[in-house]
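*Asks:* These are the residues of each chain, in order.
Number of protein chains: 2
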Amino acid sequence: MKVAFLGLGNMGFPMAGHLAAGGHAVTVYNRTRSKAEAWTAKHEGRAAETPAEAAKGAEIVFACVGNDDDLRQVVLGDAGAFAGMASGTVFADHSTVSAGVARELAAIGADAGIAFLDAPISGGQNGAENGVLTVMVGGDDAVFERARPVIDCYARAVTLMGPVGAGQLTKMVNQMCCVGVIQGLAEGLAFAERAGLDARRVVEVISKGAAQSWQMDNRAGTMIEGSFDFGFAADWMRKDLGICLAEARQNGALLPLTALIDQQFARLRARGEGRLDNTALIRLLTKP
Amino acid sequence: MKVAFLGLGNMGFPMAGHLAAGGHAVTVYNRTRSKAEAWTAKHEGRAAETPAEAAKGAEIVFACVGNDDDLRQVVLGDAGAFAGMASGTVFADHSTVSAGVARELAAIGADAGIAFLDAPISGGQNGAENGVLTVMVGGDDAVFERARPVIDCYARAVTLMGPVGAGQLTKMVNQMCCVGVIQGLAEGLAFAERAGLDARRVVEVISKGAAQSWQMDNRAGTMIEGSFDFGFAADWMRKDLGICLAEARQNGALLPLTALIDQQFARLRARGEGRLDNTALIRLLTKP
Numbered sequence: 001m002k003v004a005f006l007g008l009g010n011m012g013f014p015m016a017g018h019l020a021a022g023g024h025a026v027t028v029y030n031r032t033r034s035k036a037e038a039w040t041a042k043h044e045g046r047a048a049e050t051p052a053e054a055a056k057g058a059e060i061v062f063a064c065v066g067n068d069d070d071l072r073q074v075v076l077g078d079a080g081a082f083a084g085m086a087s088g089t090v091f092a093d094h095s096t097v098s099a100g101v102a103r104e105l106a107a108i109g110a111d112a113g114i115a116f117l118d119a120p121i122s123g124g125q126n127g128a129e130n131g132v133l134t135v136m137v138g139g140d141d142a143v144f145e146r147a148r149p150v151i152d153c154y155a156r157a158v159t160l161m162g163p164v165g166a167g168q169l170t171k172m173v174n175q176m177c178c179v180g181v182i183q184g185l186a187e188g189l190a191f192a193e194r195a196g197l198d199a200r201r202v203v204e205v206i207s208k209g210a211a212q213s214w215q216m217d218n219r220a221g222t223m224i225e226g227s228f229d230f231g232f233a234a235d236w237m238r239k240d241l242g243i244c245l246a247e248a249r250q251n252g253a254l255l256p257l258t259a260l261i262d263q264q265f266a267r268l269r270a271r272g273e274g275r276l277d278n279t280a281l282i283r284l285l286t287k288p
Numbered sequence: 001m002k003v004a005f006l007g008l009g010n011m012g013f014p015m016a017g018h019l020a021a022g023g024h025a026v027t028v029y030n031r032t033r034s035k036a037e038a039w040t041a042k043h044e045g046r047a048a049e050t051p052a053e054a055a056k057g058a059e060i061v062f063a064c065v066g067n068d069d070d071l072r073q074v075v076l077g078d079a080g081a082f083a084g085m086a087s088g089t090v091f092a093d094h095s096t097v098s099a100g101v102a103r104e105l106a107a108i109g110a111d112a113g114i115a116f117l118d119a120p121i122s123g124g125q126n127g128a129e130n131g132v133l134t135v136m137v138g139g140d141d142a143v144f145e146r147a148r149p150v151i152d153c154y155a156r157a158v159t160l161m162g163p164v165g166a167g168q169l170t171k172m173v174n175q176m177c178c179v180g181v182i183q184g185l186a187e188g189l190a191f192a193e194r195a196g197l198d199a200r201r202v203v204e205v206i207s208k209g210a211a212q213s214w215q216m217d218n219r220a221g222t223m224i225e226g227s228f229d230f231g232f233a234a235d236w237m238r239k240d241l242g243i244c245l246a247e248a249r250q251n252g253a254l255l256p257l258t259a260l261i262d263q264q265f266a267r268l269r270a271r272g273e274g275r276l277d278n279t280a281l282i283r284l285l286t287k288p
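Chains as they are written, first to last, in this note's numbering: chain A, 1 to 288; chain B, 1 to 288.
Certain hints may be false.
As the list makes no split between identical chains, a pair holds if one copy fits it or if it spans any two.
Stated by the list, open to error - List time: in silico DMTMM-like cross-link candidates among lysine to aspartate or glutamate, alpha-carbon distance up to 25 Å:
(1) Lys287 to Glu49
(2) Lys239 to Glu104
(3) Lys239 to Asp111
(4) Lys208 to Asp141
(5) Lys239 to Glu37
(6) Lys208 to Glu273
(7) Lys35 to Glu59
(8) Lys42 to Asp217
(9) Lys35 to Asp111
(10) Lys208 to Glu129
(11) Lys42 to Asp78
(12) Lys287 to Asp262
(13) Lys208 to Glu44
Everything labelled a hint here was simulated from the structure, so no lab data went into it.
Throw the hints in and build the complete structure from the sequences for me.
*Replies:* In C-alpha cells, the structure reads:
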C-alpha cells in the first residue's frame, strides 16, 4: 500500500522502517531534513519536501510528532498533509496530543472526505524498534479496520477505544497510572536508602505482592543505580500530564496526584534534568 | 514446638490456625476473650487469660496486633508476654508498627535474654488464610533461622532484611509503593469514566504495558464496579502511612506523595468511609 509517514523522531523513525519492511511504499517527511535522508539511506522509500508532497497519492498518512501545534503544522495549510490527500484516504495520528485537536482535525478532514484516527502509542523506543507497540485508537470502526493491518507492522496490540479522541483519552489514563506508580516507587526507594535498607533486596521481596508493578520490575534497578540516560524523558511525560490536566479542567475530573507530580516534573526541568528518563523523579528525593 | 500467639484478628486468627495445623502446641491470647474461644472451638490448642500466661513455656511467642501501644500492652508489664517468657526464647512480632517500638522492645527483651524479631507481613487476609504470606524480618541471623521453619507454616516467602527494625522499614516501603499505585489508578479510572471511556477496556489495553501493576490486575475491576466491602481497610492503610511519615520525619526522607495520600485517607475517614478497602480512594474522585 502507498503510505506516508510524517515525523521521524525516536518513535517515528523505526515505525516508518517497519512499514517499509512490511512491503509498503513509504514516503517520509521530517521537519529537519537530515533525519529524512538518514531514513532513506537505511530503508526502501523516499523523502518529501513537505507533508503535502509526502501525502500525495498515499492511502494512509501516519504522523508521530511532538504536540498539538506540531500536529496542526504538518496537517493544515498549503504545505500540510490534508492539502495533498485525496477524498477517501485516512490520516492516522500516533502523536500524544489533546483529544481536542484530534476532534478538530477530524472535523476539518471530514469536509475533504479524509477519515481521521487518533492512535497514540505506548511501549517506548524499544517497542517501536521491535515493532511491538500498543496502539489505542479513536475513530470509526470501518476506518479502524482499514488501517489496522498496516499498523500491525509495528504493533503487538491495536484496540479501538471509541470515537475520535478516545485513543488520546486512553493514553492519558495510561500516563496517570504510570506516574502514580513511579512516584510511589521513587518515595519507597529513596526512603529505603535513607533507612539503611538494601533497596535491591527490598524490591525483590515486595515485588512478589500488592506493591508489584511493571515499573518496579523494570525500572527499580536503574533507579537504584541512578541511571536515567535512556527511556521516556521527564519533559515528555510532563507534556503528557499537561494534556491530562487540561482535559480534566474540561471534563471535571479530580487529579490531585497528577497535579502534584506535574509540579515535580516542573522542578526536574528547572534543575536542567528534564531530558532524563521520567523515573528521574527519584532524584528530587535523593538529591534534593 | 510449644508456641504462643497473641492477637486473633483477621490475620492472627488464621495464622495461629496454621501453626496448630503444622503440629505446634499453640496457646492463644486475645484481648476480646470470645475470639480466643472461637479459635479454640475450631483448632487444637488452648486459650490463656493474659499474654504472660500464654507465653509461659513457649519457645517462640508470636504477636499480631494493631499499633505501637497495643504491642507494648501485650508485651510489657506483669501481665505482658515478656513476664512469662524464659531466657533463650524468641518474640516474633507480625504487627505493622514503628521501627522505633521494635528497637525499644528488642532492647528490653535483651535484658531478659529474650530475642526479638520484627516480622511484619503482607498478603492480606487471603494470604493469611491460605498460608502464603510474605514476611519481612528484622533481627539477628541465628534467631531468624530458629523462627523461620515455624513462620513457614503460614508464609510463602520469609526474608531477613537486616537488624531489628528492618522488617518494619521494608513494610513501610511496601505501603508507599502500594498507595502510589492505587491513587494513580484511581485518578486514571475516575478520569476514564468522566471522559466517557469504557474503563474495563482501557484497563485491558494499558495493563499490557508500563502502567501495569498488581493493583491494576487485581483491583481495577472492583474499583470500577464500586465494590469496597473487603480487603485492607483505608483506616489501616492510613495507620501505616502515619508510621511512614513519622519515620521520615526522623530519617529525613521526602514523601510528598505519601503525605498527600495520607490526607486523602483522612478525608475518607471523615466521610465515614474508613472501613472500606483502601482502593476506596477512588470514591473521593467519583463521589466527591
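*Asks:* Determine for every hint whether it applies to the structure shown.
*Replies:* How the hints compare with the structure:
no. : hint             : in the structure
1   : Lys287 to Glu49  : neither (46 Å within a copy, 53 Å between copies)
2   : Lys239 to Glu104 : within (20 Å within a copy, 48 Å between copies)
3   : Lys239 to Asp111 : neither (30 Å within a copy, 58 Å between copies)
4   : Lys208 to Asp141 : between (40 Å within a copy, 23 Å between copies)
5   : Lys239 to Glu37  : neither (28 Å within a copy, 60 Å between copies)
6   : Lys208 to Glu273 : neither (32 Å within a copy, 29 Å between copies)
7   : Lys35 to Glu59   : within (23 Å within a copy, 72 Å between copies)
8   : Lys42 to Asp217  : neither (34 Å within a copy, 41 Å between copies)
9   : Lys35 to Asp111  : neither (32 Å within a copy, 73 Å between copies)
10  : Lys208 to Glu129 : between (30 Å within a copy, 17 Å between copies)
11  : Lys42 to Asp78   : neither (29 Å within a copy, 81 Å between copies)
12  : Lys287 to Asp262 : both (18 Å within a copy, 24 Å between copies)
13  : Lys208 to Glu44  : neither (46 Å within a copy, 32 Å between copies)
Of the numbered hints stated above, those contradicted by the structure are hints 1, 3, 5, 6, 8, 9, 11, 13, listed in ascending order.
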